[in-house]
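S.K.: Please work from the sequences and hints to get the whole structure.
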Amino acid sequence: MNNLIYSIIYTLIVTFAVIILLLQVYLIVKRIIDSLGQRKRSNYQKSILTDLNILIDHIAEQFPSEETIRSYQNAILDKSKRAVLEEILIHQLESPKSEKSINLSKLCDHIGLIDLEISTLLNNKNPYKISRSCKNLGEYRSKKALPAILSHVSNNTLDVKYNALLALAKIGDLNAYLDAFIILFFESEVSGDQIYLSQRSMIEIADSFEGDKLEMYNTMIDSNTSYISTVFIKSAGNYGDKAVSEKIIRYVKDSNRNRRAACTKALGQLRDNRYINDLIEALDDADWECRAVAAKSLGLIGDAQALNALMKTLSDKEWWVRYNSAWSIVQIPEGLNLVESIMSNDDQFAKDIIMSVLANSKSNLVPLRGVG
Amino acid sequence: MLETIIHALFVSFSYFIIGYLLIQNIIYTFHLIFSAFKLSHYIKKIRYSDYKRYLRSDNMIPISVLVPAYNEMATINENITSLLDLSYLEYEVIIINDGSTDDTLEMIVSTFDMKLVKQPFRAILKTEEINGIYRTIEIPNLTVIDKKNGGKADALNAGINLSKYPVFLAVDADSVLETDSLVRVIMPFVDDKDTVAVGGIVRVANGSEIRNGVITNIQLPNNNLATFQIIEYLQAFLTGRMGWDALNSLLIISGAFGAFKKNIVLAVGGFTPGTLGEDMELVLKLHEYAGKENKDYKIKFIPDPVCWTQVPQKIGDLRRQRKRWQIGLIDSLLKHKKLILNPKYGKVGMLALPYYLIFEVLSPIVEFLGYILLPFYFILGYINVKFFTLYLIVTFLYGIILSIGVLLLEEYTFNKYPTVTQILKLSLFSILTNFGYRQMTTLFRLEGILRFRKDKNTWGVIERTVFDSGPTINQ
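Line order of the protein sequences matches chains A and B. Position 257 (the first sequence) corresponds to 257 in my numbering; numbering is contiguous. Position 81 (the second sequence) corresponds to 81 in my numbering; numbering is contiguous.
I should point out that these hints are in silico values taken from the structure, not numbers from a laboratory. If you're wondering where the values come from, they're calculated on a predicted model, not measured in any experiment. Possibly wrong hints are sitting among the right ones.
[Claimed, not checked] Straight-line distance between alpha carbons at most 30 Å, and here's what the computed DSS-like set of lysine-lysine pairs gives:
1. B:K298 <-> A:K125
2. B:K425 <-> B:K193
3. A:K40 <-> B:K425
4. A:K317 <-> B:K425
5. B:K44 <-> B:K118
6. A:K129 <-> A:K30
7. B:K425 <-> B:K126
8. A:K144 <-> A:K79
9. B:K344 <-> A:K125
10. A:K242 <-> A:K312
11. A:K317 <-> B:K126
12. B:K262 <-> A:K125
13. B:K118 <-> A:K317
14. A:K46 <-> B:K416
15. A:K351 <-> B:K335
16. B:K44 <-> B:K335
17. B:K314 <-> B:K262
18. B:K338 <-> B:K298
19. A:K46 <-> B:K298
20. B:K292 <-> B:K262
21. A:K79 <-> A:K106
22. B:K38 <-> B:K416
23. B:K38 <-> A:K30
24. B:K38 <-> A:K79
25. B:K45 <-> A:K106
26. A:K97 <-> A:K81
27. A:K129 <-> B:K44
28. B:K164 <-> A:K317
M.R.: Take a look at the structure:
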């Protein structure tokens, strides 16, 4: 028995000591390998940067020669060199659509970067690699990759879904983009689950669309799914083109509270005073968030017609409604003339809130967020 | 007969100590493994995530950054400069001067040319009296509240009252944030609407170069005590917090860097004044509230190194800090004892809280007894050399493996100490931390337990060093 205990202890000591030693060695070796890898990348970057920058600067006028393309084709076979090239090219592709970026995208295709990413999408099961490839293909704006990206919209991993949708948005092909939402909608119908991407992620995707945005809004705002419709109404508000107002206004009295609030907010962001009466009516909404957003939107539009209604909502039972009403009154030029009458009124809430807004008025040039 | 009984008692107690330490280290090992998986997922994700797009995005939730300040004259200006330079579309910075007896307020007012304003606000949370609110036209998103001293929790509550955004971030006055820290901390709220709070990792700033409130060159401190704390903080955050986050049972969000949904914090009555562990206290209140209301909720932890802080470089300061943390821990657990082993609160009640009670509150007592009694028993012959060797393996060798394992995690993920020299030094310290430093902090925590009743409401003072444009001074 004693011998057994002895051998257990001895084994424990040796095992622990070996583990410690191996961990230490692994740590140091890994650091050395990483440093060498970093140096290799750095050296390669130094060697190609000047020529590559010249090539990129002139790519709109002159597409690179076959020989140059072949040299980069060989380079991407090395993982470190490929990473360097990807980083430089993707960074250059960040600028809006131009002859330069179209040719850059074409160059990425000729070099083979796009085919590599498509191959990952088709053959790899690792969700991180798939997400990364979707992201990169979105950056390359490659229409060639559309079928491969679409096949991952129904992926179970949220990250993959998100990056696939974002890639489709960046590529800007409206048909593929709409197909993706049909897949999402169909998926949620079949599974009975909601679409799990957060609303802000979806708005990000909508905002990122680089194709015909007006056409996108015209189609998606009328989506059967109120969640998707709301997302695109919010995005339309961010986009700022009054041409979508006529689509949006149809939802100002919608039974879905979120869509109603989104519509009210978007009309304010679009500063479209054609629908000011609808917004004034929205100040009587049963939902306080809708009232607060309506109050804010009237201030953004800045039409004096709203002042009487805003004076009444200064006494709303909800603080946000009162604050946004006060803010809007101060924003509307004629509103400042009413401040004296508010201050001589008996309504303490109204007086407090106007004072609060006035104290912030120089700095609070944008409406308070947190609602809507 | 008596001797036999005593012998049996001593041996049983020795078994208990070894068993306790072994279970504790096994739990730490599980934390390490859970954290490794979670971090691996996280790192892979951020390699393709494009945070830059969110820096400019209109869809990010606006944030109020609350900074309670008490006698922070040495570092407050650099802190404010760093906060005003964060990359985020919409946020405000609220400094709460909590009745400082030095020139903290005067320094801020003169440096940033602030003026006293008459600004009414909704005092939803009761706080000590507000003396004044200061603002400046030049920096519209900076506000200073001057108030009567009421403690950190009270100061934060005052900040919450004045804040206008739906999420607030509580930050210590001596913390330095990375420029993209707000984007990183807000992402869990954006990704999941059930997120009510997010904690971040706090890194040791000592020894690093800080220019205009920004970390420009991360270095290891020359001060040994600070270097030990690097290992300790990595262990606590990268494994402890990540491990509990993996189980959705996070109990502590560091007061140096924690973001909360304002409406939920208001629903639980804000921070609790008069408590030393106001950060843990609030998180426990959130768990209790969500459990009672049967709400879906998440309290998350982000492992990105986004917040850097000064750690004590003197033993006296470290002692005060660790004593305070232990007292705060006990205080919070006692206040929420009804959650412990209560199945209504899920993993928090059945796993996390019992763990903290048994392995965090009681561990200084058990460890201390082990350090004193087991060598004593060995010398007296009550335990044999094999047994004593087993104790040494469980306490020291196992501890060394865990410390190096943590270093490996850091190396594999964020790699903030990239040079071979730094890794070698940290490896050495991760071994040495188990011989002396750990025992010292055990003593300080034990002192916290013994002085719990007396020192429940005492914060103490920790010396701050000035952030310099070059290597920090007082090394």
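S.K.: Does each hint hold? Answer for all of them.
M.R.: Hint check:
| no. | hint | verdict |
| --- | --- | --- |
| 1 | B:K298 <-> A:K125 | holds (29 Å) |
| 2 | B:K425 <-> B:K193 | violated (42 Å) |
| 3 | A:K40 <-> B:K425 | holds (26 Å) |
| 4 | A:K317 <-> B:K425 | violated (62 Å) |
| 5 | B:K44 <-> B:K118 | violated (50 Å) |
| 6 | A:K129 <-> A:K30 | holds (22 Å) |
| 7 | B:K425 <-> B:K126 | violated (49 Å) |
| 8 | A:K144 <-> A:K79 | holds (23 Å) |
| 9 | B:K344 <-> A:K125 | violated (39 Å) |
| 10 | A:K242 <-> A:K312 | holds (29 Å) |
| 11 | A:K317 <-> B:K126 | holds (21 Å) |
| 12 | B:K262 <-> A:K125 | violated (40 Å) |
| 13 | B:K118 <-> A:K317 | holds (24 Å) |
| 14 | A:K46 <-> B:K416 | holds (24 Å) |
| 15 | A:K351 <-> B:K335 | violated (41 Å) |
| 16 | B:K44 <-> B:K335 | violated (40 Å) |
| 17 | B:K314 <-> B:K262 | violated (37 Å) |
| 18 | B:K338 <-> B:K298 | holds (21 Å) |
| 19 | A:K46 <-> B:K298 | violated (46 Å) |
| 20 | B:K292 <-> B:K262 | holds (19 Å) |
| 21 | A:K79 <-> A:K106 | holds (21 Å) |
| 22 | B:K38 <-> B:K416 | holds (18 Å) |
| 23 | B:K38 <-> A:K30 | holds (21 Å) |
| 24 | B:K38 <-> A:K79 | holds (26 Å) |
| 25 | B:K45 <-> A:K106 | holds (28 Å) |
| 26 | A:K97 <-> A:K81 | holds (26 Å) |
| 27 | A:K129 <-> B:K44 | holds (9 Å) |
| 28 | B:K164 <-> A:K317 | holds (18 Å) |
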